[in-house]
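Protein chains in written order, with the working numbering: chain A, 12 to 290; chain B, 79 to 361; chain C, 10 to 289.
No lab work stands behind these hints, which were simulated from the structure alone. For every residue, glycine included, the Cβ atom is placed at its ideal position computed from N, Cα and C. Honestly, I wouldn't trust all of these hints.
[What the hints assert, rightly or not] Looking from chain B toward chain C, a few residues come up when the C-beta cut is under 7 angstroms (computed):
#: 1; residue: 238
#: 2; residue: 242
#: 3; residue: 243
#: 4; residue: 246
#: 5; residue: 249
#: 6; residue: 251
#: 7; residue: 252
#: 8; residue: 261
#: 9; residue: 263
#: 10; residue: 264
#: 11; residue: 265
Letter by letter, the chains look like this.
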Amino acid sequence: MKYLEEKILKIIMICAAVIILAVLLFIISTVFYRGLPALSLDMVTKLPGGGFYLGKEGGVLNAIVGSIYIIVGSLVISIFISVPLVLYINFYLPAKSVFSSVIRFSLDILFGIPSIVYGAFGFSLMIYLGLRASLLGGILAVGMLIMPIMMRSFDEITRLLSRDLPDALLSLGSTKYEMAKVILRQLMPGLVTAILLAIGRGVGDAATVLFTAGYTDNIPSSLNQPAATLPLSIFFQLGSPVEEVQNRAYASAIILTVIILILSFGARYFSSKFSKNKI
Amino acid sequence: MLGIAIFTILLLIIIGLSLFFKALPIMREKNLWVLLTSAQWKPFKGDFGFLPFILSTFYVSLIAIIIALPFSILTSIYLNSYASKSVKKFFEPVIDLLSGIPPIIYGVWGTLTIVPLIANKIAPKFVEFSTGYTVLAGGVVLAVMIIPLLISIMVEVFRSIPKEMIDASLSMGATKWQTVKKVILRKSISGIIAATVLALSRAFGETMAVLMVCGNITQIPHSLFDACYPLPALIANNYGEMLSMPSYESALMFSAFLLFIIVVLFNGISRFTLIQIEKRYQF
Amino acid sequence: MIITSHRLQENENITFPDTKEISPLKKLINSQSIRIENLDVYIENQHILKDVNLIIPEKKITCIIGPSGCGKSTFLKTLNRMHDETPEVKISGKIFVDDENIYDNRVNIIDTRKKMGLLAQRPCPLPMSIFDNVAYGPRIHGMKKKKTINQTVIQYLQYVGLWDEVRDRVRTSATRLSIGQQQRLCLARGLAIEPEYILGDEATSALDPLSTKKIEELFVKLKEKYTIILVTHTLRQAKRIADYIIFMYLGKIIEAGPTEEFFSNPKKQLTREYLSGSFS
Chain A
12 MKYLEEKILK IIMICAAVII LAVLLFIIST VFYRGLPALS LDMVTKLPGG GFYLGKEGGV
72 LNAIVGSIYI IVGSLVISIF ISVPLVLYIN FYLPAKSVFS SVIRFSLDIL FGIPSIVYGA
132 FGFSLMIYLG LRASLLGGIL AVGMLIMPIM MRSFDEITRL LSRDLPDALL SLGSTKYEMA
192 KVILRQLMPG LVTAILLAIG RGVGDAATVL FTAGYTDNIP SSLNQPAATL PLSIFFQLGS
252 PVEEVQNRAY ASAIILTVII LILSFGARYF SSKFSKNKI
Chain B
79 MLGIAIFTIL LLIIIGLSLF FKALPIMREK NLWVLLTSAQ WKPFKGDFGF LPFILSTFYV
139 SLIAIIIALP FSILTSIYLN SYASKSVKKF FEPVIDLLSG IPPIIYGVWG TLTIVPLIAN
199 KIAPKFVEFS TGYTVLAGGV VLAVMIIPLL ISIMVEVFRS IPKEMIDASL SMGATKWQTV
259 KKVILRKSIS GIIAATVLAL SRAFGETMAV LMVCGNITQI PHSLFDACYP LPALIANNYG
319 EMLSMPSYES ALMFSAFLLF IIVVLFNGIS RFTLIQIEKR YQF
Chain C
10 MIITSHRLQE NENITFPDTK EISPLKKLIN SQSIRIENLD VYIENQHILK DVNLIIPEKK
70 ITCIIGPSGC GKSTFLKTLN RMHDETPEVK ISGKIFVDDE NIYDNRVNII DTRKKMGLLA
130 QRPCPLPMSI FDNVAYGPRI HGMKKKKTIN QTVIQYLQYV GLWDEVRDRV RTSATRLSIG
190 QQQRLCLARG LAIEPEYILG DEATSALDPL STKKIEELFV KLKEKYTIIL VTHTLRQAKR
250 IADYIIFMYL GKIIEAGPTE EFFSNPKKQL TREYLSGSFS
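All chains, please: the whole structure from these sequences, using the hints.
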């Protein structure tokens, strides 16, 4: 009886795992199947031409470049905030300080706030500051979105680092600042993983940039101009009744998927490197 | 650095407060209770009843978690206790990949496959007509989205169970499944709850993927095959264009505030219950 | 290669026979003992146990001693097939328990484990109440009736002398017991599945002297009914409770014999060095 139960459940479990695998393959193959015919060099090298949304010539270079601008900008902001903060809670504050658990709790909540709320909040902030939908707005909103993601994953990896290393360094007479420098070098691969994860989420999110970055067919030349992004570009092209445009949406989806796949494998590579260097 | 630390905490408070103040006009204008329980949504006549949106959000998330939870628990148990090393090695990047795929891609996939499937194959068996853009479609797409999140947390939770404990059970002649059922699941119940809460709050807030497949019709959905209109989709579809109407804008901010409160409450409740569970059993 | 059985020890002057002579001995061996033939264990290509041949006498306490890393615990785990849970471990050889090779494919792992009650180094209560911990074994092996379960639990808790200490809180979490109580609980839990053998893997190393004494007394009491095999790191403990001693070094069995003889008149140079404390 119990052996039968064991066998049946094992089969069910394998089925569950296989279904999940199949769904992943299904998702990727669906996107590729529909998008591949429309994918061309023009897609990644040209701006949308006149009548692009009616099926005429052009590509989504505007969205690719816009996405890159936004993610680079928001990364700069969030790295400058996350790294010192994580070092602060892990190395300056005592191991079981109330303050650090308050910070971690608020990070958890920030992490859980839906991207649409960041978008809405960012937009109302922009109105307050007198900005309109622009590259800067997009950078700020995406920055807020990815900051807790980065902090949390970086914090988790930093916590893994044994507390002995700081003690050893302190006993050698180094100051806390010098200690942080040494440790930061140890933590580099972990930081890279955190950054790649954050980029993955930031690039793929549409709801944050929906109001804050706006949309345009051109490449923004200053922070005040609106910027297009890949997810939104996919969304708008999908909304078109013209079939060619829809197919191009799938092609854009391939571009986005490939970017994410590369980032995700990159993150995996760096984190495996990290575990090798771990003490 | 202290400044940054305080800034992080402040940011949370600022977001909460600014959403609150933006939502304040509508809350002054209408009774909070009416806002939450009325089904009348006619912004141009000044009727703002959020019930359809709240219920939609709730139903879609509920379906998603009902579908996702068994799959995730079974798969993570399999990965933890049964699978060979090579299977585990193969699965880890797969889970990573799934969690990395952007919502919009899930949305695209949902419109291409799930929606027609429901419209042509599933719905006709139960109801006369359905466009496929339904509560069910939203739930399925959302389930696929939160499964990787659930699995990656649960695998971590199961891994943290001391090996001695599992060995103790096995050495008494328990089968693997008996060990899973009576020791592993019992020991990790708080972790599973935490993972579920996290996945639920993700589900509540998910915008684009759900928006693309759930139909966006303002109504209280009565069956799986009715269209629905969750809160995030409401914000995404209307915000930015409705600034000319202050009360409409305030109403949309109210829904953002609702989402914010739900997330904060969920985090708080899950922390609290986790502490309580651990206190009571100290396992 | 050394082989030992309680029959052999009766004749004090006998030299330990070579491995090849194991088959003629078969007739002498009592059916209830454990007999190990040509056991080799590899973990990730490391040769952990090297050609172990042994007979473990019935209803006695046999202590396995040796420096850490000599394969004592690995050996113990081969007896209840716990190595089956780690794919890196390769095992060859035969272990006969009640005249049945437990590494035969036809033999059910679960039944083997049920026969072998294992007491781990650190007490590891399952995440449930004291009562459920003891009831765990009977329940997974199909005991359903509440009354019988109740009786069994009380019986074994009394047997290990824990009942009087915990009788008003058997429904509370087992983790709140002191570590010595936990170990006795684990013993009761192991006994409740009605094993024939008790394996102890340094079962007292985490305990204070008083709890150690209680556990040791229990072992001595238990050997009336069970065959007990203990891995221990303290020579004094082996001296106190063991009937037979097996000395292992670097995965090999160096010497084995009755306790008194082993300590008073060790036959091998290596054993003498170990006993005198020149290495550990």
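Status of each hint after checking the structure:
no.: 1; hint: 238; result: violated, 13 angstroms
no.: 2; hint: 242; result: holds, 4 angstroms
no.: 3; hint: 243; result: holds, 5 angstroms
no.: 4; hint: 246; result: holds, 5 angstroms
no.: 5; hint: 249; result: holds, 4 angstroms
no.: 6; hint: 251; result: holds, 4 angstroms
no.: 7; hint: 252; result: holds, 5 angstroms
no.: 8; hint: 261; result: holds, 6 angstroms
no.: 9; hint: 263; result: violated, 10 angstroms
no.: 10; hint: 264; result: holds, 5 angstroms
no.: 11; hint: 265; result: holds, 4 angstroms
Checked against the numbered hints above, the structure violates hints 1, 9; every other hint is satisfied.
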